[in-house]
Amino acid sequence: MSTLLNSLTTELRRGTLTLAVLSQLRTPQYGYSLVQLLEQCGISIEQSTLYPLLRRLEKQELVTSSWDTTESRPRRYYVLTPYGIEIYQQLKKEWEKTSQELSLLLKGEDNE
Amino acid sequence: MRMIDLYIQEVTRRLPEKSREDIALELRSTIEDMLPDDYKEEDVKSVLEKMGNPAILASGYLDRPMHLIGPRYFDVYINLLKIILPIAAVFSLISLIATTIFSYSGDEAVLNVILDLAGHGIWGILSTGVQVFFWLTVVFAIIERTDHKQSQTPLTACFKEWTPEDLYNIPYIPKEKAISKVEVFLGLLWTAIWASVYFNAASLLGVYEKGRNGLEFVTPTFNHEVLISYWPLAVIVIGLEIALDMYKLRTGHWNRKIAVLNTVMHVVSSVVFIIIISNNQLFNPAFVTYITDLFSLSGDFGNWFAGGAIFTFVLFAVIDIYQGFRKANIKK
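Protein sequence lines, in the order shown, are assigned to chains A and B. Residues 0 to 111 (numbering that gives the first Met the number 0) make up the first sequence, in order. Residues 0 to 331 (numbering that gives the first Met the number 0) make up the second sequence, in order.
In case anyone wonders, no lab produced these hints; they're calculated from the structure. Quantities reported herein were computed from a predicted structural model and do not represent experimental measurements. Hints are not guaranteed to be accurate.
What the hints assert, rightly or not - SDA-like, lysine to any residue: derived pairs with alpha carbons at most 25 Å apart:
no.: 1; chain 1: A; residue 1: Lys58; chain 2: B; residue 2: Thr145
no.: 2; chain 1: B; residue 1: Lys44; chain 2: A; residue 2: Ser43
no.: 3; chain 1: A; residue 1: Lys58; chain 2: B; residue 2: Lys39
no.: 4; chain 1: B; residue 1: Lys39; chain 2: A; residue 2: Pro81
no.: 5; chain 1: B; residue 1: Lys174; chain 2: B; residue 2: Phe324
no.: 6; chain 1: B; residue 1: Lys17; chain 2: A; residue 2: Ser43
no.: 7; chain 1: B; residue 1: Lys49; chain 2: A; residue 2: Ser6
no.: 8; chain 1: A; residue 1: Lys58; chain 2: B; residue 2: Gln8
no.: 9; chain 1: B; residue 1: Lys326; chain 2: B; residue 2: Ile172
no.: 10; chain 1: B; residue 1: Lys180; chain 2: B; residue 2: Gln8
no.: 11; chain 1: A; residue 1: Lys58; chain 2: B; residue 2: Tyr60
no.: 12; chain 1: B; residue 1: Lys326; chain 2: B; residue 2: Ser202
no.: 13; chain 1: B; residue 1: Lys180; chain 2: B; residue 2: Gln322
no.: 14; chain 1: A; residue 1: Lys58; chain 2: B; residue 2: His147
no.: 15; chain 1: B; residue 1: Lys17; chain 2: A; residue 2: Glu60
no.: 16; chain 1: B; residue 1: Lys159; chain 2: B; residue 2: Pro64
no.: 17; chain 1: B; residue 1: Lys49; chain 2: A; residue 2: Leu49
no.: 18; chain 1: A; residue 1: Lys91; chain 2: A; residue 2: Thr2
no.: 19; chain 1: B; residue 1: Lys44; chain 2: A; residue 2: Glu38
no.: 20; chain 1: B; residue 1: Lys81; chain 2: B; residue 2: Val183
no.: 21; chain 1: B; residue 1: Lys180; chain 2: B; residue 2: Lys256
no.: 22; chain 1: B; residue 1: Lys180; chain 2: B; residue 2: Tyr60
no.: 23; chain 1: B; residue 1: Lys159; chain 2: B; residue 2: Lys39
no.: 24; chain 1: A; residue 1: Lys58; chain 2: B; residue 2: Phe315
I would like the entire structure built from these sequences, with the hints used as guidance.
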């Protein structure tokens, strides 16, 4: 893949990352489990992007976090707050709208 | 494992004290999650490679921007720099020229003074430029870091976001009509030079001869008392020139009013020039004799020189007046 295509693809995906992460946090997740969940769905996310993103979401009060020390090693779990759920629902609607509009546009191009 | 400790240290040392411990703990648990149960150094390396450059990871945690001046302020910054830098440079040069000429004692050869001036001038412009650049950048870097608004929309020169109304404030200037800043600054520079020379003519203008210590000043050109007695007229012309230059700088393009003011300025300065130079006491008799002998001229050198000077002066004035009206009348 050319460098240009690469950077355009990254740019295209960057905006969707927040939505992807929010969607997986309806149940509590820790950092690595989140990476695995996302990767199972084919979404690869830079580690250096994910962890700071989680902190930012916490600062914006969309998620809360807590340490779980019951297992062999302590893990920090993140989960959506009620406000986070609300924002996630709206963001999801926006995304569905956008993808519908875009697929209409792209389909129109094929018919020409 | 030492490498993990080092990596975590590399990240956390870039973070604020209060969040270090928490982030370190989370990073460690994450890295260990990613490693197989029985891991070797190779595994650690591949995991750390996935985590990426510690500086980038740390900057992700920080709210601080990783640039000095971001897109919101960059345009304002560059515009201000473009306005302030030339003004500062020209003022440093003009003040240097003025102080040099006023403090000139007549002991040194003019050529040396000019060379000195060029050297100091370049140095002065450079250091002023660096000062302006430095302080403006510092101010903007601070603004960038203290503005906590989420918006990234670039700002206009008035530190507000752009609206179509802003277009009313921009004059539409065809290129031929524009008055460049360089033109105005050269005008100011010229005023500063001739004014300084006028008030110091006794020690600057005259005949130089090769002496023991390089060039030596022999005879001044003018009868200094006669020349300087016209100082109120000179001050009027200086005032007119500066006022016109400032007005040109503010307006930025030729119009009828500026063309008329330009004419007034040229008429006044031509009249003053003619009054001064046609005074037959103006030239130093010793200087006239010297020149007459040197070129073995016959007739009155004073009259001949004055006539030529008046012709040249008025010719240039007329050309400039004509150009002013021509540019003012360009319609587009």
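Going down the list of hints, with the structure as the test:
With a C-alpha separation of about 18 Å, the suggested pairing of Lys58 (chain A) with Thr145 (chain B) holds against the 25 Å cut-off. Between Lys44 (chain B) and Ser43 (chain A), the direct Cα distance comes to roughly 19 Å. Compliance with the 25 Å bound is thereby established for this hinted pair. This hinted pair does not check out: Lys58 (chain A) and Lys39 (chain B) have alpha carbons roughly 36 Å apart, beyond 25 Å. At most 25 Å may separate the alpha-carbon atoms for a hinted pair to count; Lys39 (chain B) and Pro81 (chain A) exceed this at roughly 43 Å.
Restraint check: the Cα-Cα separation between Lys174 (chain B) and Phe324 (chain B) comes to about 16 Å, which is no more than 25 Å; the hinted pair holds. A hinted pair counts as satisfied when its Cα atoms are at most 25 Å apart, and Lys17 (chain B) with Ser43 (chain A) does not qualify at roughly 31 Å. The suggested pairing of Lys49 (chain B) with Ser6 (chain A) holds, with an alpha-carbon distance near 19 Å, which does not exceed 25 Å. For the given pair, Lys58 (chain A) sits about 23 Å from Gln8 (chain B) by alpha-carbon distance, which is consistent with the 25 Å threshold.
Between Lys326 (chain B) and Ile172 (chain B), the direct Cα distance comes to roughly 11 Å. Compliance with the 25 Å bound is thereby established for this hinted pair. A threshold of 25 Å between alpha carbons decides the hint, and for Lys180 (chain B) with Gln8 (chain B) the separation of about 54 Å lies outside it, so the pair is violated. Taken as a hint, the Lys58 (chain A) and Tyr60 (chain B) pair is honoured in the structure, with Cα atoms around 11 Å apart against an allowance of 25 Å. For the hint linking Lys326 (chain B) to Ser202 (chain B), the alpha-carbon distance of about 40 Å lies beyond 25 Å, and the restraint is violated.
At roughly 17 Å between alpha-carbon atoms, Lys180 (chain B) and Gln322 (chain B) fall within 25 Å of each other, so this suggested pair holds. Between Lys58 (chain A) and His147 (chain B) the CA atoms are separated by roughly 14 Å; this keeps the pair inside 25 Å, and the hint holds. About 19 Å separates the Cα atoms of Lys17 (chain B) and Glu60 (chain A), which keeps this hinted pair within 25 Å; it holds. Distance hint between Lys159 (chain B) and Pro64 (chain B) is fulfilled; the C-alpha atoms sit about 21 Å from each other, no more than 25 Å.
Using a Cα cut-off of 25 Å, the hinted pair Lys49 (chain B) and Leu49 (chain A) holds, with the two alpha carbons roughly 12 Å apart. For a cut-off of 25 Å, the pair hint linking Lys91 (chain A) to Thr2 (chain A) is broken: about 30 Å separates their Cα positions. Under the criterion of a C-alpha separation no larger than 25 Å, the hint pairing Lys44 (chain B) with Glu38 (chain A) is consistent with the structure, at around 21 Å. This hinted pair checks out: Lys81 (chain B) and Val183 (chain B) have alpha carbons roughly 16 Å apart, not beyond 25 Å.
Taken as a hint, the Lys180 (chain B) and Lys256 (chain B) pair is honoured in the structure, with Cα atoms around 19 Å apart against an allowance of 25 Å. With a C-alpha separation of about 46 Å, the suggested pairing of Lys180 (chain B) with Tyr60 (chain B) is violated against the 25 Å cut-off. The straight-line distance between the Cα atoms of Lys159 (chain B) and Lys39 (chain B) is roughly 57 Å, outside the 25 Å bound, and the hint therefore fails. With a C-alpha separation of about 71 Å, the suggested pairing of Lys58 (chain A) with Phe315 (chain B) is violated against the 25 Å cut-off.
Going down the numbered hints, you'll see the structure goes against 3, 4, 6, 10, 12, 18, 22, 23, 24, while the others check out.
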